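Trainee: So you can see what is in the structure, the chains are spelled out below.
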Amino acid sequence: MSLRHLWAVTRKEIQHIIRDRSTLVIVFLTPFLLLFVFAYSLTVEIKHVPIAVLDFDRSETSRQFVQRITAGDDLELYAQVAALEEIEDLLLRGKIKAALIIHPDFSRQVLSGSGMPMQIIIDGTEPESGAFALDNMASRAEEFIENIFADQLVALSVPAEALKPIDLRISTWYNPSLKPRVDLIPGLISMVLGLPALSVALTLAHEREHGTLEQLMATPIGRTELLVGKMLPYIFVGMINAIIIPTFAIVWFRIPFNGNFFLFLGLTAIFLFAILAMGIIIGVFMRTQAAALAVSFLLIFFPGFFLTGIFFPIAAMPEIMRLESLGLPGTHYAIITRGLFLTGVGLDVLWPYSVMLFGLGLAFVGVAALFFKKKLG
Amino acid sequence: MTSQAAIALSSLTKEFKDNRAVDSLDISIQPGELFGLVGPDGAGKTTTLRLLAGLLDITEGEATIAGLDLAAETEKIKSHIGYMAQEFSMYAELSVEENLLFFAELYDVPVEHIQARKERLLEFAGLTEFKERRAAHLSGGMQKKLALACTLIHEPQILLLDEPTTGVDPVSRREFWNILTELHINGTTIIVSTPYMDEADRCSRVGLMYAGRLIVCASPQEIRQRVEGEMIELRPEDWQSARVLVAELPGVLEVQNYGERLHLLVDSAEKRLPEIETVLRSKKASYRSIRPAPTGMEEAFISLIKRMED
Ligand SMILES: Nc1ncnc2c1ncn2[C@@H]1O[C@H](COP(=O)(O)OP(=O)(O)OP(=O)(O)O)[C@@H](O)[C@H]1O
Ligand SMILES: [Mg+2]
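Residue numbers (this note's numbering), protein chains in the order written: chain L, 1 to 377; chain P, 1 to 310.
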């Protein structure tokens, strides 16, 4: 491997990125744009989820409970109904995504602290909104109970500070403010940081189409020199994005960053290596830019969306897709990103994912170099 | 003789899925030759040059370049040759100078030589005042000269140029050939494919390809002599009717059109010229001039190709 050749290709590619406006826009603007579009569209979707309430208890306590549940802008009381059939009808017509049924015994059991008899029905055809409604109602219910306990304890003249250590919430502990974005944005960031892989997939096809590749193949440049030389500039670009985008997200979306930022950058570099190598494989096999773009969407963008567990839990996938997701750099990187943003874990937890990323990267580069021939046709 | 040849091909063959683009070529090119490769579209010129540049796998046969076996030592050979593709293109976003530097580095030109060579080549190609201009903003002719300069940066012994002057204005074309002649004088072995016969005429040897085969390989003088008959140039007022008229006459072997002019290949110009004049007058076909003319490369090639087609 000649470092001189490597640098010649890298420098040429950097000059191309900087001077070709469209490339510059694609590599720096699209990640931002996508982050915004997804962050907002996904949030908006989960706001104002319409629900119906069937209150058999009709007590002061149950009324307070309903009020509490619909106090935020996440759940909206679409209708108070009187019979189960009405709920079914509303669900079928898509007017509501979930329904809350309060048992006749509700206030008695709640006030005596023996239970909280209620039932939540969700629309199975829209599991995201339904599950979201379920989650929110459950945690509101916990808050509600907590408050009632607190009131009762205060009535028993126990000082309020003594209550602090008690935390009844069991689920969603890593996302305490319950804004869905916070949970999603680190995953989104991990996805948009992988976008330069699309550009790298295009550069080889671009040279093929413009005839510069023929000229390049006639020189004594090594195959790995050419391929790695083309990846390096996009690793630089990716690292710049890896500083700007999370910083921006932390400020704009007010999401937490609980881990070590330098660790994040280091692991991002490994991720970029892996995902760019995936892009370069596409470039090796595709003859035209249009084909390279289409295949990149198929192999990088869409799986990055659906298979990496950013939006849909991997645990819920069929076995074959779970295996496939293991071969995608995005899967491991999404775990790393979430871990560093939300739970603030360190390398002791994240090392297997990092090793996996590095291994994938090496394998991809190997495959690319193996199949890339300095021949035409 | 073949042992010290710059390029030696023996039954070199390239087959694509459905056709033989290059069919059993046997050529031996001596160091310092300026070898012209001509032939109609699709004859296999580009495929031949790509094979020599190591860009295609050989189907059959062998080739030795600069004493190295092409199939076995492709990468080694690449540093001895300079190749300019037919549809070459430079890196549009890089300046003239940056393109040169890029190729200098890929060809491992020693750092201490780069500056001097760059300046010399820029001067040579008449690009010195444009050295900071982006390749995208150069004229077609300047781009070709830049491409040539890039293929010369490592001072290759052997140059493979695929239609380097197609689509270039006549002045640039002449300048380009002056550069080639200078390289030729300095001992570089050059293979150049061209659709222009005046360019073929400037080569030391010319190979005519047709349907993948080499049908003639000789010096321009020899090629002209191979054509049977002599030539008469006729400038009729109405060439369409005149063409029909003369094609039928005894002793006329072939009629070729050059715009309004007709080139007639006849068995003997001395004998046939008066006969033709008589017929034209008797049929009231007026003409501006009629005279015997030397057979050019172009007539020779058209005649040779016609014979192949028949
Ligand atoms: N990659 C390829 N795959 C299949 N057929 C090819 C390929 N490249 C060339 N050919 C065919 O091989 C033949 C020779 O083509 P080639 O480009 O060598 O001709 P050429 O003499 O350079 O023509 P031109 O003067 O038009 O440049 C043509 O019939 C062409 O269609
Ligand atoms: Mg050609």
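For the record, the hints were derived by calculation from the structure and aren't laboratory data.
All figures in this text were calculated on a predicted structure; none of them were measured in a lab.
Don't take each hint at face value.
Claimed, not checked - Below, computed lysine-lysine pairings styled on DSS-like, alpha-carbon distance capped at 27 Å:
#, chain 1, residue 1, chain 2, residue 2
1, L, Lys374, P, Lys284
2, P, Lys283, L, Lys374
3, L, Lys373, P, Lys17
4, P, Lys76, L, Lys375
5, P, Lys76, L, Lys373
Trainee: Now tell me, hint by hint, if it's right for this structure.
Mentor: Going through the hints against the structure:
{"no.": "1", "hint": "L/Lys374 - P/Lys284", "verdict": "violated, 65 Å"}
{"no.": "2", "hint": "P/Lys283 - L/Lys374", "verdict": "violated, 64 Å"}
{"no.": "3", "hint": "L/Lys373 - P/Lys17", "verdict": "holds, 19 Å"}
{"no.": "4", "hint": "P/Lys76 - L/Lys375", "verdict": "holds, 15 Å"}
{"no.": "5", "hint": "P/Lys76 - L/Lys373", "verdict": "holds, 16 Å"}
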